[in-house]
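I would like the entire structure built from these sequences, with the hints used as guidance.
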Amino acid sequence: MKKIRVRYAPSPTGYLHIGGARSALYNYLFAKHFNGEFVLRIEDTDIERNVEGAEESQINDLIWLGIIPDESPLKPNPKYAPYRQMEKIDVYQKYAKELIDKGYAYYCYCTEEELEAERQAQQLRGISAPQYNQRCLHLTKEEKETFEKEGRVPCIRLHLKPHHEIAFNDLVRGPVKFNNDDIGDWVIIKSNGIPTYNFAVVIDDHMMEITHVLRGEEHLSNTPKQIQLYEYFNWEIPEFGHMTLIVNETGKKLSKRDLNILQFMSQYRDKGYLPEAIMNFILLLGWSPEGEQEIFTLEEAVQIFDPKRLSKSPSMFDQNKLNWMNGQYIKKLDDEKYLELIKPFLAKVIDINTKEDSELLLIANLFKDQILFGEQIIDLLSPLVVYKKTTDEEEIALMNDPLSKEVYHVFARLIAETDELSTENIKAILKQTQIETGAKGKSLFMPIRLILTGETHGPELVNIIKVLGKKEILNRLNAI
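With our numbering applied, the sequence shown corresponds to residues 1 to 480, in that order.
For the record, the hints were derived by calculation from the structure and aren't laboratory data.
Just so we're clear, the structure is a prediction, and the values are computed from it rather than from any experiment.
Errors might be hidden in some of the hints.
Label pairs and their calculated CB-CB ranges [unchecked claim]:
#: 1; residue 1: E290; residue 2: A428; range: 51 to 57 angstroms
#: 2; residue 1: V302; residue 2: K471; range: 51 to 57 angstroms
#: 3; residue 1: E142; residue 2: G103; range: 44 to 50 angstroms
#: 4; residue 1: I304; residue 2: L137; range: 47 to 53 angstroms
#: 5; residue 1: S422; residue 2: A397; range: 52 to 58 angstroms
Each residue gets a CB set at the ideal place from its N, CA and C atoms; glycine is no exception.
As structure tokens, this is what we get:
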């Protein structure tokens, strides 16, 4: 059996987004499940839109997610290199010339103005999907020379077989059919000598011996164009599979305009999401395992990944589910990993250089069961760090209640008398406050929490007291 080789081939026109991460993950899992190879290729021919640093960023984000390519621009196999399209323009031009020599392609000298005029004319005739009218298909040598004397630089178009049906079995959708008559002759090499996507990708996939192409639904209409090229070159056609759309909660295709959803992996990393959780969430965004299990390691996903279980229906991006899943992963972190995640966010609220890791961990652990992603600790910790009196009328009334004032008086005295705020001492102080005041439950704990944090809810009171320390507690109690 031929070794399975798949590829993820992004363009460096932006950063790794949700859809791209899913494509990369599914290709990686497909390759590893079948003991194949996962290739990262950079499709950088859209020069005007390429973003500086985007390639490096995408590679780093893949590595962060645990998706490590077997081959890439940074790890080339000499047999298949280069891995950037702009480094082999001459190769594409050579294959385009071969198609011209075989009569499968031709030079087109039409200007943009002429093409636009023809498009508009076809639309006026009721043609909803205008096609090139093959004006340059049968140009004589003299006509070509005339155009060239005018300074026209030709592109190269593929001449499709008329009335030819392109059929293939999609790994996700099953049998799919297209007809060349619905496509029209399309450009394979632009007038600047750079190949178009649909041409370059076929040359690349053939030269890199790609056996399976697993990609997003938006590429489905590209497939007949690519298969026609395989047929013209008499090359083995890879198997194709097109994953369904990712949609938002309203059922619309996920868009960069969906501001309530983070789009890029770098955003999730910056907000303190765990790569293992992101991977796990994306795994289930268009693929379902057998059974009820939802939490999977990357290694487990490799073992169980079955392309037959890829969804045929759109997959909804549920931010709440992602947050829940990330929270589950955070709860399972050991102290070292948890502190590593939280430290950058603690640094935005407190001076971490003046505290030992054990002190920082004590603070961070106050919120470990609450936070869904690292950045949340900033808002949770802020009331402890920056004291802010409540402005809520009911809470002010509670603080002014005679019993609450008695609680504050006794609690302040006991705090002042203690030398160490250990867990045992704090519990003893709270118990003694209860005995002396008669306050129990909410009548005891809520006034203390309110005066110390300005909030009626939050981390366990014992931990709040431990983190604030004797001096700060007395300052806040004396402020009333």
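Results of checking the hints against the structure:
1. Taking the beta carbon of each, E290 and A428 are about 53 angstroms apart, inside 51 to 57 angstroms as hinted.
2. The beta-carbon spacing between V302 and K471, approximately 53 angstroms, falls within the hinted interval of 51 to 57 angstroms.
3. As the Cβ distance of E142 to G103 is approximately 20 angstroms, the hint placing it in 44 to 50 angstroms is violated.
4. Between I304 and L137 the beta carbon distance is about 52 angstroms. The supplied range of 47 to 53 angstroms therefore holds.
5. The supplied range of 52 to 58 angstroms is broken by S422 and A397, whose beta-carbon atoms lie about 34 angstroms from each other.
Checked against the numbered hints above, the structure breaks hints 3, 5 and satisfies the rest.
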